[in-house]
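Q: The primary structure of each chain is shown beneath.
There are 2 protein chains.
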Amino acid sequence: MTKFSVLILGSASAAPTLTRNQTAQLINIDEQYYLMDCGEGTQLRLREHKIKIQRINHIFISHLHGDHYLGLIGLIQTMHLLGRTSELTIYCPSNIQEIVEVNLRVSESHLKYPIVYKSVNPKKSELVYENDKLEVISIPLKHRIACSGYLFKEKPKPRRINPKAINAHNIPKYQINKIKLGGDYTAENGEFINNRRLTLDGLPSFSYAFCSDTKYFESIIPIIKDVDLLYHEATFTEEHADRASKTYHSTAKQAAKIAKKSNAKQLIIGHFSNRYPDLNVLLRESKTVFEKTKIAEEGKFFDVTFSK
Amino acid sequence: MTKFSVLILGSASAAPTLTRNQTAQLINIDEQYYLMDCGEGTQLRLREHKIKIQRINHIFISHLHGDHYLGLIGLIQTMHLLGRTSELTIYCPSNIQEIVEVNLRVSESHLKYPIVYKSVNPKKSELVYENDKLEVISIPLKHRIACSGYLFKEKPKPRRINPKAINAHNIPKYQINKIKLGGDYTAENGEFINNRRLTLDGLPSFSYAFCSDTKYFESIIPIIKDVDLLYHEATFTEEHADRASKTYHSTAKQAAKIAKKSNAKQLIIGHFSNRYPDLNVLLRESKTVFEKTKIAEEGKFFDVTFSK
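These protein sequence lines map, in sequence, to chains A and B. The numbering of the first sequence is numbering that gives the first Met the number 0, which starts it at 0 and goes up by one. The numbering of the second sequence is numbering that gives the first Met the number 0, which starts it at 0 and goes up by one.
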């Protein structure tokens, strides 16, 4: 079974508090690490969770408000201090390269590893990264400045050998690889056996969508349709819906509506205003619309494959 | 008695660890707060210690290595979020203004308070700040990039009324203020009484010197001569003296030598390489040369007036 999980490193909006850190999440897909946002202090959160930072090769920044990127320079420099040589790619809908480079210049830091900057179009959903198993697609959000969410989507997995059918048809061992790759089989007696009769459906593919920061914005629904796990910001409750709208943030109820309309399997909410010492008010509000809501608090770990 | 103290917020060099934060210190002189350096996470350290951040009006940055300034932008933004309107002055021997402004620009932050940038000459000791009670003088250090320490020096305090002498000479009350301001007194019988006979010495004035990061550098001795409390970096022990020299840092013994030669009353050492889980090795080494050494660990509080 694929490993596909999300570790919450920060859930605070705006200023950090003694109990809540600024936004950062570690996505682990079969031991490939992807960092989502990087608020101040993220390198320490990673250390607390004993995450090997050199295994992070891709960092996705949603937008250039301080609470989502101010930990990036420190992380980049610590990677360097610890001897990194492998490439790091940073995805961002704004010019993060300028920020990184001015900091490296003033400190006269000469990194021993290359950084690749991938500019994300904040107006258009597009494929920003892919490997043989995964696609990452940007999600244009509606915030005060250019801001993109990201959809992590496993590609369809190959069909698997059906041992029972292989035995029943006495398929010779040397043919197995061909069948694994999708080939049909013709027996010595001339019988044609279609690949689908010898194989089972591939394992399910999973998806995770990160949507922060944004006001209620239905345009994201087609992009995240049927997602297994949706993270949607819920900075406020409905009581402060006006403030949410003015600051381009969402309420817990709005997050739940997006989850419902996009047919998400599960919703996690985060990016909480520090006016809510008890996060259950946000949780309860979300659950009135979408029952399968959870709180994306510090240190919580979500298994994306849980839904199937 | 004047209050003059130093609170250590961080003692780590380079990368932060789970037990040691990056350099930052809060200097409190009669409830005026001065922040010395601002490593990543400093705003949280201030919060932990219940320091009212809006009372910080002056931030002194020694140099632009990440472990000494990466918490600055977050602190500036949190001051803004919490409604600051009063001026903030930042002192730095390099162009910190460029760093601050590029971050404010990308986040489209429009601060409601002014920031004044004071450029410190890294080659020359000079007065960088003064008020009626205090002078702050820069200390050119020897590091890989432009780097200045800072000497906080109380101005001489005014002489105090000597109640016994005032009584003995039957000085009328209306003359007291004049005498306080340094005036002499001529009695009705024509007797001239010099001010010094009617007053006592002023209270002692204290001084604190912050010297980090630097290799062993005797040129600082005349500047910090007779200082009450000296903070000097001690990144390494003598065992790693070569590495100290190559990286423009000091050993504990070198810090102690500077303390001794400058006739400091007390020494605190900090900016420890994380290769020393037990800081006592650094403390012991320093004490072989300068007995009155202490470790500048997180949360430790040093009373500068202790020496007199």
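Keep in mind that the hints were calculated from the coordinates and are not lab data. Don't take each hint at face value.
No distinction is drawn between identical chains; accordingly, a pair holds when it is met within one copy or between any pair of copies.
Lysine-lysine pairs mimicking DSS-like chemistry, simulated, CA-CA at most 30 Å apart [what the hints assert, rightly or not]:
{"id": "1", "residue 1": "Lys49", "residue 2": "Lys299"}
{"id": "2", "residue 1": "Lys172", "residue 2": "Lys293"}
{"id": "3", "residue 1": "Lys172", "residue 2": "Lys152"}
{"id": "4", "residue 1": "Lys172", "residue 2": "Lys49"}
{"id": "5", "residue 1": "Lys154", "residue 2": "Lys111"}
{"id": "6", "residue 1": "Lys224", "residue 2": "Lys163"}
{"id": "7", "residue 1": "Lys163", "residue 2": "Lys293"}
{"id": "8", "residue 1": "Lys111", "residue 2": "Lys299"}
{"id": "9", "residue 1": "Lys299", "residue 2": "Lys224"}
{"id": "10", "residue 1": "Lys214", "residue 2": "Lys163"}
{"id": "11", "residue 1": "Lys214", "residue 2": "Lys177"}
{"id": "12", "residue 1": "Lys2", "residue 2": "Lys245"}
{"id": "13", "residue 1": "Lys179", "residue 2": "Lys245"}
{"id": "14", "residue 1": "Lys214", "residue 2": "Lys111"}
{"id": "15", "residue 1": "Lys291", "residue 2": "Lys172"}
{"id": "16", "residue 1": "Lys51", "residue 2": "Lys122"}
{"id": "17", "residue 1": "Lys117", "residue 2": "Lys291"}
{"id": "18", "residue 1": "Lys245", "residue 2": "Lys256"}
{"id": "19", "residue 1": "Lys172", "residue 2": "Lys299"}
{"id": "20", "residue 1": "Lys49", "residue 2": "Lys260"}
Note that the structure is a prediction, hence the values are computed from the model and not measured.
Q: Now, for every hint given, state plainly whether the structure supports it.
A: Status of the hints after comparison with the structure:
no.	hint	verdict
1	Lys49 - Lys299	both (14 Å within a copy, 27 Å between copies)
2	Lys172 - Lys293	neither (48 Å within a copy, 73 Å between copies)
3	Lys172 - Lys152	neither (34 Å within a copy, 85 Å between copies)
4	Lys172 - Lys49	neither (43 Å within a copy, 71 Å between copies)
5	Lys154 - Lys111	neither (33 Å within a copy, 48 Å between copies)
6	Lys224 - Lys163	neither (36 Å within a copy, 88 Å between copies)
7	Lys163 - Lys293	neither (41 Å within a copy, 74 Å between copies)
8	Lys111 - Lys299	neither (33 Å within a copy, 36 Å between copies)
9	Lys299 - Lys224	within (24 Å within a copy, 53 Å between copies)
10	Lys214 - Lys163	neither (52 Å within a copy, 73 Å between copies)
11	Lys214 - Lys177	neither (50 Å within a copy, 66 Å between copies)
12	Lys2 - Lys245	neither (39 Å within a copy, 45 Å between copies)
13	Lys179 - Lys245	neither (55 Å within a copy, 58 Å between copies)
14	Lys214 - Lys111	between (40 Å within a copy, 24 Å between copies)
15	Lys291 - Lys172	neither (46 Å within a copy, 79 Å between copies)
16	Lys51 - Lys122	neither (34 Å within a copy, 41 Å between copies)
17	Lys117 - Lys291	neither (34 Å within a copy, 54 Å between copies)
18	Lys245 - Lys256	within (19 Å within a copy, 59 Å between copies)
19	Lys172 - Lys299	neither (45 Å within a copy, 71 Å between copies)
20	Lys49 - Lys260	neither (37 Å within a copy, 44 Å between copies)
The structure does not agree with the numbered hints 2, 3, 4, 5, 6, 7, 8, 10, 11, 12, 13, 15, 16, 17, 19 and 20 stated previously, though it agrees with the rest.
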